[in-house]
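A.B. asks: Chains as they are written, first to last, in our numbering: chain A, 85 to 192; chain B, 85 to 192; chain C, 85 to 192; chain D, 85 to 192.
One or more of the hints may lead you astray.
Given that identical chains are not distinguished, each listed pair holds provided it fits within a single copy or across any two copies.
Stated by the list, open to error - Restricting the straight-line Cα-Cα distance to at most 25 Å, the calculated cross-link-like pairs of lysine-lysine (BS3-like) are: (1) Lys105 with Lys88; (2) Lys88 with Lys184; (3) Lys180 with Lys145; (4) Lys88 with Lys180; (5) Lys88 with Lys144; (6) Lys177 with Lys144; (7) Lys177 with Lys140; (8) Lys177 with Lys88; (9) Lys105 with Lys180.
Hints listed in this document are in silico derivations from the structure and should not be mistaken for laboratory results.
4 protein chains.
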Amino acid sequence: MDFKELERRLVEFRDARGWRKYHTPKNLAISAAVELGELLEHFQWESDGEILEAVKESGKKEAIADEIADVVIYLTLLAHELGIDLSEALERKIEKNGRKYPVGVTSD
Amino acid sequence: MDFKELERRLVEFRDARGWRKYHTPKNLAISAAVELGELLEHFQWESDGEILEAVKESGKKEAIADEIADVVIYLTLLAHELGIDLSEALERKIEKNGRKYPVGVTSD
Amino acid sequence: MDFKELERRLVEFRDARGWRKYHTPKNLAISAAVELGELLEHFQWESDGEILEAVKESGKKEAIADEIADVVIYLTLLAHELGIDLSEALERKIEKNGRKYPVGVTSD
Amino acid sequence: MDFKELERRLVEFRDARGWRKYHTPKNLAISAAVELGELLEHFQWESDGEILEAVKESGKKEAIADEIADVVIYLTLLAHELGIDLSEALERKIEKNGRKYPVGVTSD
């Protein structure tokens, strides 16, 4: 799946249910934050080692994958409402990051 | 760009800079939350109407697009570290949502 | 209740349950973010008018109050772990804000 | 400082600047999330040990304290707008937690 296809499917899904009226920029941004909170819940009390161990179990891995997907879904819908081409935005941001942090010059 | 290509480019970018050691699950999840906070800043004091008006200006639109891209970038890197196929996760989540909210049965 | 009393009670509560080992700075900051996500859930699809109407119902008001309290609880525990006096921090921040935004000079 | 005093000072501060019109429930909740994002930024790439070391330096400690204060400030203003008594909400939540996690019965 690419970003265009994801956007198309999400908008179609939403319009088939008459939900567009709820999809204001603020509501969608809040929704992304709600889902990110649910994602963080999986990392709340566990160490990085425990998390990496836990995702070997498929149920846990799927639960975390679902939360990541939910955030991406709301961000895609938000981008759609604002007329933002997410694929293009990612290209541009990666390029900007490349200029900001040239290889071999980083403080690392 | 599709999700596989995005993941490949981000991992390559990171490894060229020796940043993998910082990319623990908790750090990446926190990073996604930091960027989402920066995205929310654009919606803090403006109404939905004002936001939709503001993105007609290309600088504002690009600033918001950059923040959305940053969240997606960190989520893609997080999925990578956890062995999650983001494209597959999105497919599965859309399918789950379709079963949870069948067309014509929603309360809307 | 003042901030010192809140801190004292929360630390006592935690220590009586042997939870200190989980209360690292990152875990407590993540926990505050998780609870803030739950707070945002109450504002996800409703307009400001609907929210103000909904809190007239005591169950809804208590549910939101619980989430606000949860965030404040985790922030108080985080401040405790970092040796931060929250009451003093609030005094200083209000004073800084007063210098930053003098009355009668704001753009409003 | 106690919660009543904090609330009184923040409302006075805001009203002196004519900012009440911006203080809708959604805007204040988003603002709390923005500030929590800024707090998380301090924990983004550092380990717990590094954070505890860093706050020994007073500038870093004050920077983190400022962000914690900012979140508490917006939550207090949100509680005010919703008619929630934050001190009472904290009392009730601590009591609920005590019933939910009785001493000596926790799984720890």
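A.B. asks: Tell me, which hint numbers fail for this structure?
C.D. replies: No hint contradicted; all consistent.
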